[in-house]
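Okay, so the sequence shown: first residue is 1 according to the UniProt record's numbering, each after it adds one.
Calculated directly from the structure, the hints in this document are not laboratory data. Don't take each hint at face value.
Unchecked claim - Label-pair restraints from in silico Cβ distances:
no.: 1; residue 1: 492; residue 2: 46; range: 57 to 63 Å
no.: 2; residue 1: 622; residue 2: 378; range: 48 to 54 Å
no.: 3; residue 1: 590; residue 2: 223; range: 52 to 58 Å
no.: 4; residue 1: 567; residue 2: 100; range: 44 to 50 Å
no.: 5; residue 1: 273; residue 2: 318; range: 17 to 23 Å
no.: 6; residue 1: 498; residue 2: 571; range: 14 to 20 Å
no.: 7; residue 1: 706; residue 2: 378; range: 31 to 37 Å
no.: 8; residue 1: 297; residue 2: 255; range: 28 to 34 Å
None of the values given here were measured: they were computed from a predicted structure. From the three backbone atoms N, C-alpha and C, an ideal C-beta is built for every residue, glycine too.
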Amino acid sequence: MEALPLQKAGSESEVSGHSFSGGGGGGGPEERGSSEYFGWVYHIGFNSIGHEYCHLRFLFIRRKYVELYKRDPHENPGIKPIRRGVVGPSLMVEELGRRKVNHGDVYVLRIYNRLDDSKKGEIACATAGEVRKWMEAFDHAKQQAEYELSRGGNPREKLNMEEEINLDGHRHRVRRYAHGLRKLIKIGQGPETLLHHSTNLNTHVGSDGFFEKDFGDALERHRWKCVRTFNGVRIFEDVADNKSGKGVLVKSVGVVDAHADTVFDIILNSDWRQRYEWDTLISDMELVEAYHGHYDILYGMNYPTHLSQSQGKRDFVFSRQWFRGQDGTYTSTWEIRCLNTSMGSKVPKCLVTQILEIQPAGWSKWQRHHPSKFEKSVPYALLCQVAGLKEYALANPSLNYEPWPTIVHSKTSDVSGTNGNYDDRGTQDEFYDAMAAASSSSSEDDSDNDKEVGNKDLKVKLKNVSWAIAGFSSKQSSAVDANKELDHSIAPIVLDTCQIKGSLQKGGVDTDTNCWTSPGGAGFMIRGKNYLKDNSKVTGGDPLLNLIAVDWFKVDKSYDGIALHPQNLVQSEAGKKLPFVLIINLQVPAKPNYSMVMYYSADRPVNKSSLLGKFVDGNDMYRDSRFKLIPSIVEGYWMVKRAVGTKACLLGKAVKCKYLRQDNFLEIDVDIGSSTVARSVIGIVLGYVTSLVVDLAILIEAKEEEELPEYILGTVRLNRVRLDSAVTLEK
Numbered sequence: 001m002e003a004l005p006l007q008k009a010g011s012e013s014e015v016s017g018h019s020f021s022g023g024g025g026g027g028g029p030e031e032r033g034s035s036e037y038f039g040w041v042y043h044i045g046f047n048s049i050g051h052e053y054c055h056l057r058f059l060f061i062r063r064k065y066v067e068l069y070k071r072d073p074h075e076n077p078g079i080k081p082i083r084r085g086v087v088g089p090s091l092m093v094e095e096l097g098r099r100k101v102n103h104g105d106v107y108v109l110r111i112y113n114r115l116d117d118s119k120k121g122e123i124a125c126a127t128a129g130e131v132r133k134w135m136e137a138f139d140h141a142k143q144q145a146e147y148e149l150s151r152g153g154n155p156r157e158k159l160n161m162e163e164e165i166n167l168d169g170h171r172h173r174v175r176r177y178a179h180g181l182r183k184l185i186k187i188g189q190g191p192e193t194l195l196h197h198s199t200n201l202n203t204h205v206g207s208d209g210f211f212e213k214d215f216g217d218a219l220e221r222h223r224w225k226c227v228r229t230f231n232g233v234r235i236f237e238d239v240a241d242n243k244s245g246k247g248v249l250v251k252s253v254g255v256v257d258a259h260a261d262t263v264f265d266i267i268l269n270s271d272w273r274q275r276y277e278w279d280t281l282i283s284d285m286e287l288v289e290a291y292h293g294h295y296d297i298l299y300g301m302n303y304p305t306h307l308s309q310s311q312g313k314r315d316f317v318f319s320r321q322w323f324r325g326q327d328g329t330y331t332s333t334w335e336i337r338c339l340n341t342s343m344g345s346k347v348p349k350c351l352v353t354q355i356l357e358i359q360p361a362g363w364s365k366w367q368r369h370h371p372s373k374f375e376k377s378v379p380y381a382l383l384c385q386v387a388g389l390k391e392y393a394l395a396n397p398s399l400n401y402e403p404w405p406t407i408v409h410s411k412t413s414d415v416s417g418t419n420g421n422y423d424d425r426g427t428q429d430e431f432y433d434a435m436a437a438a439s440s441s442s443s444e445d446d447s448d449n450d451k452e453v454g455n456k457d458l459k460v461k462l463k464n465v466s467w468a469i470a471g472f473s474s475k476q477s478s479a480v481d482a483n484k485e486l487d488h489s490i491a492p493i494v495l496d497t498c499q500i501k502g503s504l505q506k507g508g509v510d511t512d513t514n515c516w517t518s519p520g521g522a523g524f525m526i527r528g529k530n531y532l533k534d535n536s537k538v539t540g541g542d543p544l545l546n547l548i549a550v551d552w553f554k555v556d557k558s559y560d561g562i563a564l565h566p567q568n569l570v571q572s573e574a575g576k577k578l579p580f581v582l583i584i585n586l587q588v589p590a591k592p593n594y595s596m597v598m599y600y601s602a603d604r605p606v607n608k609s610s611l612l613g614k615f616v617d618g619n620d621m622y623r624d625s626r627f628k629l630i631p632s633i634v635e636g637y638w639m640v641k642r643a644v645g646t647k648a649c650l651l652g653k654a655v656k657c658k659y660l661r662q663d664n665f666l667e668i669d670v671d672i673g674s675s676t677v678a679r680s681v682i683g684i685v686l687g688y689v690t691s692l693v694v695d696l697a698i699l700i701e702a703k704e705e706e707e708l709p710e711y712i713l714g715t716v717r718l719n720r721v722r723l724d725s726a727v728t729l730e731k
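Please work from the sequences and hints to get the whole structure.
Printed below as a string of structure tokens:
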């Protein structure tokens, strides 16, 4: 059967459901487990004879259980799911960006098991906002699975990795999973809007985003000065380095009364009917090519009659690349970040920033003599796009429409349409970790003989939750309590770094190149003592561990367990005498591949009862949920700074991480190439790497009050590293 037609770029279905931090707004994991997420998605894959299919499916996520239906079970009581499975702790959900399928644009999620790449599959949504919500839903289910595993319980309820079945495999019989569901959280409005071809963008999202703060986790190195305001939009100039002779960085900033997902889709939409309403420069655009879901090339035309008289009709080709951070912020030459609104406010808001690089001669001339001429220039028209978005959102209040649902309470779920009692004894199926086989039929999912989907109003309505966060503090600093993290009962050793050297040399002064140094933690913001109460962050203190060496290797393919190499420094006599070594192996995808390996040493053994001790000797599930990295581009091209950002990232949730605990060391292998977004960002970085100064901080995320304040484990500054200086590592 042919797949159902997909919507055009810019059309978007309503998103009215949200991920809950806890059932009822703040209970324990058992309350969180009572939440249920549901909505329409596309299931994308290949059938047994290699033909691609794209089917409309109704997806349920109940606690840690997942079900996939051909029809809405609310409107079709008794219908059985065609797939059913369990989310396990090895589940990974990766946003692949936008893709053209069946002559329409969708946003794709890849769901896979990080321990077995053969177990993978894809679902697609109509909008970026729905993708974000499904990622939250899967993450919530994964947290529930992790919590249940941490409690121990019946061994028969443990997840059995050998029983996992690929999403694209055959479906077998499994038992009914869910009962006692108390909260229904809807994602998307339904097929009637999902498939509707419309030129009017309706995102219908609410102010549900929860973000830690509106700043990065590394200190800002720009000095933005407001030089002009108009129509509620501010124009800034970066005056930090205005005498360098380089291009002048200018940005326009405005608050738009719409959700960040809405604004993102408006900017990406190339339909001329909508673009004419807010964009004063670009009139007609056509997609030429798209790459990896986050990069595309467009052909456009404009009629700048309102600009300088010498400028006539123009056509042009330009590229654009974008990323979405873990906090939901969209970043490119634009930055779109949700703002927290007052409790009870129904109008979402976001801060929209457009940044440009302008030739210094033209910028200075405009400032001093000819402001009226600048107002007829292309850079000015680009800066005015923020004002256009602001007014467009005000003129279209339907962008922010969202029906206010109610809570549905039930003791037993009636969705499955069976009368059997809940029974998960002996459950061994996973949803990619994974999506297990699930129905009484053994036919494949690409068989789609039933396309009738009712157009009735949904019987179940949901509740929206608004979040607010507190202020930001940078006046304090975090000091490491070494007595707490390291074993103070044992005398410290004197580290003789002369006997320990890596392949990348240590720098002496700031002007040194192709080297590393340890910059300290003052340039990073971490969670303070009162973070759980007021979300305050403080400047980092001195790192707990000492950076003793850095290796820069060139390898044929990603190299795991690099510490076991006989020539590795931890295998030397000096390395074996160190009480503890933390090894971070950043695996860089390229041709050839590279490994940036950093060695951090302690002068005492680790206190096993401390946060560091729990991380070092914990399981991979715990490590993935705590291992955090903060990046900062100290010097470099501004587009690279935008792509990398300064927000902290939980690496175990963003990319595949492997852990090796042996003897006196813990090695963490970070596979940057396992994420499409991370691979795209590192591609940009490698293009400018010889001109970049990069700071990195690693730490363990503190989630409990007794773990606060956070402290920095270690830092590194990589100063203008050359690719050709990498040393070949032979296996």
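Outcome of the hint check:
| no. | hint | in the structure |
| --- | --- | --- |
| 1 | 492 with 46: 57 to 63 Å | holds, 58 Å |
| 2 | 622 with 378: 48 to 54 Å | holds, 52 Å |
| 3 | 590 with 223: 52 to 58 Å | violated, 34 Å |
| 4 | 567 with 100: 44 to 50 Å | holds, 48 Å |
| 5 | 273 with 318: 17 to 23 Å | holds, 21 Å |
| 6 | 498 with 571: 14 to 20 Å | holds, 18 Å |
| 7 | 706 with 378: 31 to 37 Å | violated, 56 Å |
| 8 | 297 with 255: 28 to 34 Å | holds, 31 Å |
Against the hints set out earlier in the document, violations occur for numbers 3 and 7.
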